[in-house]
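Chemist: Listed below are the residues making up each chain.
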Amino acid sequence: MASKLRAAQEDRQQRTELDSKTSETRSAVVGAFFETCFDAFSFLVEEFGFQRGFKKTDSRAGIYRVWYKSNTTGVEVWLEWREQRIYVELFRLVDGRIKQNPIVIGPKSDLNQFNLEDLLAIREPGLTLRSRAPGEPLTVRSVQLFLTQYAAALRQRGSDILRGDFTIFRQLETIVKGRVRTAGIAGICS
Amino acid sequence: MKRVKAAAKEIGATYYQGWRIDPWNEKLAMERNKAWMNRKMKEGYEIIDVGIDPTREVRSRFYEMGKDILTGYAVVPYGEYVQRPRER
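In order, the protein sequences belong to chains A and B. Each residue of the first sequence is one higher than the one before, counting from 1 in this note's numbering. Each residue of the second sequence is one higher than the one before, counting from 191 in this note's numbering.
Read the hints as simulated data drawn from the structure, not as lab findings. All values derive from a computational prediction rather than experimental measurement. Be careful, since some hints might not be right.
As the list claims (entries may be wrong) - Here are some, though not all, of the chain A residues that point toward chain B, as calculated from beta-carbon distances under 10 Å: (1) Thr25; (2) Ala28; (3) Tyr87; (4) Phe114; (5) Pro137; (6) Val176; (7) Thr182.
Every residue, glycine too, gets a C-beta built ideally from N, C-alpha and C.
The whole structure should be built from the sequences, with the hints applied where relevant.
Modeler: Written as structure tokens, this is what we have:
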């Protein structure tokens with residue numbers, strides 16, 4: 001057991017060293033993010049009547065976002081530099097606006113925002129989008145790959161939401177609130 | 191991260207950003223984050239825990255690391271902090 005742990009630690013150490021040698025600059029990765037995002041998610045405008053996408057940058061926090069909105073639905077695509085993570089969120093608009101979930105989610109919280117990965121876990125459980133090992137840095141290539149995959153998956157598996165049918169949100173809410181309960185038991189959730 | 195940013199903005203707190211690490215080096219980011227947290231603890235800062243982001247399946251590695259460092263330190267859950275009566 002201990003030797004397995006040591007081997008895993010050594011492997012991780014080697015990977016981290018390799019990462020620092022192969023990492024690409026933030027401007028290259030973020031540039032690829034915006035460019036690919038507008039291209040891959042253009043179907044929202046062309047097929048689903050969304051307004052054109054808008055980009056938002058918070059360089060100090062390392063948070064980058066492109067957001068789209070229709071009359072009923074919001075889609076936000078995020079890149080977080082510190083987490084080296086890209087993700088897509090789906091919104092049921094509230095009074096025509098994108099409203100983030102409350103910071104603390106409880107059993108009675110109104111949720112209007114869900115992660116695309118949870119939707120895909122229900123509708124296409126076999127699909128694995130995380131082709132990157134945890135902690136591996138984003139590259140121009142991986143950003144292009146993730147965004148293209150996410151866009152294709154949303155187009156194929158989320159058309160009801162994109163057209164304003166949020167029936168599936170009930171199931172997604174059960175998943176999210178289930179995580180809150182589990183975390184509560186472990187004593188880490190506020 | 192965006193929840194941390196939103197929560198920090200809401201209550202006027204600071205948080206470790208890690209934006210200067212370019213190109214990305216996770217080992218370095220973790221070390222700097224640890225050092226930042228240790229410094230804040232030594233200085234006696236009150237530390238607020240925003241908890242997990244339940245809309246994501248995979249937990250943040252930084253959050254997990256933070257939990258380990260803070261073992262034994264009095265951390266205030268965000269929900270509790272915002273319910274405190276405010277000085278006027």
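Chemist: Taking the hints in turn, state whether each one holds.
Modeler: We went through each hint and held it up to the structure:
A least Cβ separation of about 5 Å between A/Thr25 and chain B falls short of the 10 Å threshold, and the interface hint therefore holds. For A/Ala28, the shortest C-beta to C-beta distance to chain B is roughly 9 Å, which falls under 10 Å, so the interface hint holds. For A/Tyr87, the shortest C-beta to C-beta distance to chain B is roughly 7 Å, which falls under 10 Å, so the interface hint holds. This hint holds: A/Phe114 has a C-beta 6 Å from the nearest C-beta of chain B, less than the 10 Å allowed.
At about 4 Å, the closest approach between the beta carbon of A/Pro137 and any beta carbon in chain B falls short of 10 Å, and the interface hint on this residue holds. For A/Val176, the interface hint holds, the least distance from its beta-carbon to any beta-carbon of chain B being 5 Å, beneath 10 Å. The criterion of a C-beta within 10 Å of any C-beta in chain B is met by A/Thr182, whose closest approach is roughly 9 Å, and the hint holds.
The structure agrees with every numbered hint stated previously.
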